[in-house]
Amino acid sequence: MKKKCVAMLLAGGQGSRLGVLTKSIAKPAVLFGGKYRLIDFSLSNCYHSNIGIVGVLTQYQPLELNSYISTGSAWSLDNVGGGVTILPPYQNRYGASWYRGTADAIYQNLYFLQSYDPEHVLIISGDHIYKMDYSEMLNNHIKNHADLTIGGLLVEPEEASRFGIMNTDGENRILEFEEKPEYPKGNLASMGIYIFRWSVLKRLLKEDGAKEESQHDFGKNVIPESLAQGLDVFAYPFMGYWRDVGTIQSYYDAQMELLLQTPPLNLFDKDFRIYSNHESLPPHFISNDATVTDSLISDGCLICGEVKHSILSSSVIVEKGAIVENSILLKNVKVGKNARVRHSILDEGVVILTDEEVGSADQSVQLIGKEEQDA
Amino acid sequence: MRKVMGIIFQRWDHGLQTFTMNRGISTIPFGGRYRLIDFPLSNLVNANIHSIGVLGGAKYGSLIDHLGTGQEWSLHRKTQDLAILPALENYSVEPGLYFDLRELLPSKLFIENQSTIEMIIFQPSNQIDNLDFKPLMDEHFNGMNDVTIVTGNGRIDEAIGTPDENRRKWQGREILAVMVQRTLIMQALQRMNQGGSYDLLNLIRRNQEHLRIKTLTHKGYYREISDISGYYQANLDLLEASVRKELFRGPRTIYTKSKDNHPTQYFDGSFVNNAWIASGCQIAGIIQNSIVSRESMIGEGTVIKNSILMQRARIGKDVHLEHVILDKAVTIRDRTVLKGSKDEPVVISKGSVI
Numbered sequence: 013m014k015k016k017c018v019a020m021l022l023a024g025g026q027g028s029r030l031g032v033l034t035k036s037i038a039k040p041a042v043l044f045g046g047k048y049r050l051i052d053f054s055l056s057n058c059y060h061s062n063i064g065i066v067g068v069l070t071q072y073q074p075l076e077l078n079s080y081i082s083t084g085s086a087w088s089l090d091n092v093g094g095g096v097t098i099l100p101p102y103q104n105r106y107g108a109s110w111y112r113g114t115a116d117a118i119y120q121n122l123y124f125l126q127s128y129d130p131e132h133v134l135i136i137s138g139d140h141i142y143k144m145d146y147s148e149m150l151n152n153h154i155k156n157h158a159d160l161t162i163g164g165l166l167v168e169p170e171e172a173s174r175f176g177i178m179n180t181d182g183e184n185r186i187l188e189f190e191e192k193p194e195y196p197k198g199n200l201a202s203m204g205i206y207i208f209r210w211s212v213l214k215r216l217l218k219e220d221g222a223k224e225e226s227q228h229d230f231g232k233n234v235i236p237e238s239l240a241q242g243l244d245v246f247a248y249p250f251m252g253y254w255r256d257v258g259t260i261q262s263y264y265d266a267q268m269e270l271l272l273q274t275p276p277l278n279l280f281d282k283d284f285r286i287y288s289n290h291e292s293l294p295p296h297f298i299s300n301d302a303t304v305t306d307s308l309i310s311d312g313c314l315i316c317g318e319v320k321h322s323i324l325s326s327s328v329i330v331e332k333g334a335i336v337e338n339s340i341l342l343k344n345v346k347v348g349k350n351a352r353v354r355h356s357i358l359d360e361g362v363v364i365l366t367d368e369e370v371g372s373a374d375q376s377v378q379l380i381g382k383e384e385q386d387a
Numbered sequence: 105m106r107k108v109m110g111i112i113f114q115r116w117d118h119g120l121q122t123f124t125m126n127r128g129i130s131t132i133p134f135g136g137r138y139r140l141i142d143f144p145l146s147n148l149v150n151a152n153i154h155s156i157g158v159l160g161g162a163k164y165g166s167l168i169d170h171l172g173t174g175q176e177w178s179l180h181r182k183t184q185d186l187a188i189l190p191a192l193e194n195y196s197v198e199p200g201l202y203f204d205l206r207e208l209l210p211s212k213l214f215i216e217n218q219s220t221i222e223m224i225i226f227q228p229s230n231q232i233d234n235l236d237f238k239p240l241m242d243e244h245f246n247g248m249n250d251v252t253i254v255t256g257n258g259r260i261d262e263a264i265g266t267p268d269e270n271r272r273k274w275q276g277r278e279i280l281a282v283m284v285q286r287t288l289i290m291q292a293l294q295r296m297n298q299g300g301s302y303d304l305l306n307l308i309r310r311n312q313e314h315l316r317i318k319t320l321t322h323k324g325y326y327r328e329i330s331d332i333s334g335y336y337q338a339n340l341d342l343l344e345a346s347v348r349k350e351l352f353r354g355p356r357t358i359y360t361k362s363k364d365n366h367p368t369q370y371f372d373g374s375f376v377n378n379a380w381i382a383s384g385c386q387i388a389g390i391i392q393n394s395i396v397s398r399e400s401m402i403g404e405g406t407v408i409k410n411s412i413l414m415q416r417a418r419i420g421k422d423v424h425l426e427h428v429i430l431d432k433a434v435t436i437r438d439r440t441v442l443k444g445s446k447d448e449p450v451v452i453s454k455g456s457v458i
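Residue numbers (our numbering), protein chains in the order written: chain E, 13 to 387; chain C, 105 to 458.
Note that these hints are calculated values from the structure, not bench results. Just to be clear, a hint being listed does not mean it is correct.
Label pairs and their in silico Cβ distance ranges [unchecked claim]:
#1 C:G334 <-> E:L272: 54 to 62 Å
#2 C:D185 <-> E:V92: 16 to 24 Å
#3 C:P355 <-> E:Q103: 35 to 43 Å
#4 C:P355 <-> E:T259: 36 to 44 Å
Backbone N, C-alpha and C define an ideal beta-carbon position, used for all residues, glycine too.
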């Protein structure tokens, strides 16, 4: 069945800079903003962009991610003849290999794309926070007769060396692409969102796959190669909200922005909802002894203490006399009586004992995982 | 496994008319995010009963919208069946009756065709409880009962005794569910064409000498909702830890249609005490002893006490609400004051702007 555009979602990354948060789950499965997991944003974007076929490439700690994605029905991506397909590394008659890089992950699944024989392939990753209608980018790509279009975002010049930087002409044609340059010439950063003409992608990946020295990475190898070959490569500047939450600090900051009176990312917007695969939980209860201000509270929570400027995921319990300030408490965290949690991120299922104190206002964000606790 | 069918029916809604102008009693919102029917329906699903007929009555639009494909209750599998049964033409539920079997006449085939079903559980849709049907079904089948009646007072172990002693125990008690062998219902439906008795309980009472009847009692929480004050009280019951624990924190989940809302946001200056608050709300005011449903917005300086807010309430600034029930999508303008009493809460109907 021929399709116009199929999406490939890279969800195999470990996200090692998120420490214990990704000890047992892949980065796209990390909780965000109370009830979401990072991958919800990309999957919801696919739904809103009318992209009905999404291949999800998993590798690192895939169990929770796979069961979370399930049939894709939570994002209405369980349509007949398409929907979500999870694509783990596999064994074939030549042997078996892990995905050696972002490009290799797609290369190993060319047969999946071939089965749909699309005109274009959208490549996105499962760990960015943003709302984007990819169909506008696709229209742009088609209008430009581009071989490759790269989503780009203007970043602060001092941050530019963290990203792949695209230097363009007045028509957004990319003249030069530098991966994490020491001295960036511009500040239009690659968002890691690519639309390739399928025939071009197939050829580039086959060539790249044959190169011993390649790291099989889009940013490092495939994109510079497509420019070197003189292909039509364009940037698609994106003006909206976009965050990479690859570090503890950026993960913390992006969530705390949700507590602003008018957050830069509006998650109450009904026309562009971010869907998630959540359990059926009762409303939260705030007891007589509790005070809650300036916070986000999810379903199933039971609050008997004081919660200030914090984000609580589902089924968190805060007992009487406990104080939670400037913190992010993930699913099923329990804060015991008279305990004090400040400026901390508590991973799923962490238990803070009665009278225990965690974090302090003047330190950097404290990340508490379950394993550390058991030790 | 013995195969069982569930029938969820609607009782007389006279006492709840402010809520049932455009919806059946089954889909009255309850407890912040639920509809009344979620409780009987989840009870059946939690006992692995996957053949369920729901009587929608004349105003079944909101029921179809709420139940959808049955996905939220895992009732959308190929072999499982959730059916909204058609209503009798020109029929309205009569007072005094428990369940009028004539309501099943248009859907006789639904019962007739499922020949592997041995027993049918009848449950009204306006009842809040978390019933564990598994042991009740075991009692029914192990005792080879024709009829098992689940009542709401006393303890379950009172039921031990011969069917003879047990036969009349249900009379005069609140009835939570009635389990009847399917063949008896089939017979009754056949005879109904020739006129005769049609209330399920009347029929049982009349034939009690020939039937093996057992009464079992549910010792936990239950509340039948048949008027405004009962509705108000049942909602406020959720502020009791024991009720919340039994209904929502036990092994049996109460399922409902999910909404994919953002978690509720509390702003600076909000003050909330003893309140049950659903997702997707934005709260800047003061809330005490109240139930707030999904997607409600509460403005600064507003005080809400002892009130029940259904979905999408839009409450302005400096409003004062006490003993008030707001149906869905009510807008209250800045500085409005509404006060009812514990026995007579003020009720504002769906979509009003005040």
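query = Does the Cβ-Cβ separation between C:P355 and E:T259 fall within 36 to 44 Å?
reply = With Cβ atoms ~40 Å apart, the hint holds.
ask   = Between C:G334 and E:L272, does the C-beta distance stay in 54 to 62 Å?
value = violated (42 Å)
ask   = That 35 to 43 Å hint for C:P355 and E:Q103 (C-beta), does it hold up?
value = holds (41 Å)
ask   = Measuring from beta carbon to beta carbon, are C:D185 and E:V92 in 16 to 24 Å?
value = holds (21 Å)
In summary, the structure is inconsistent with hint 1 from the numbered list given earlier, while agreeing with all the others.
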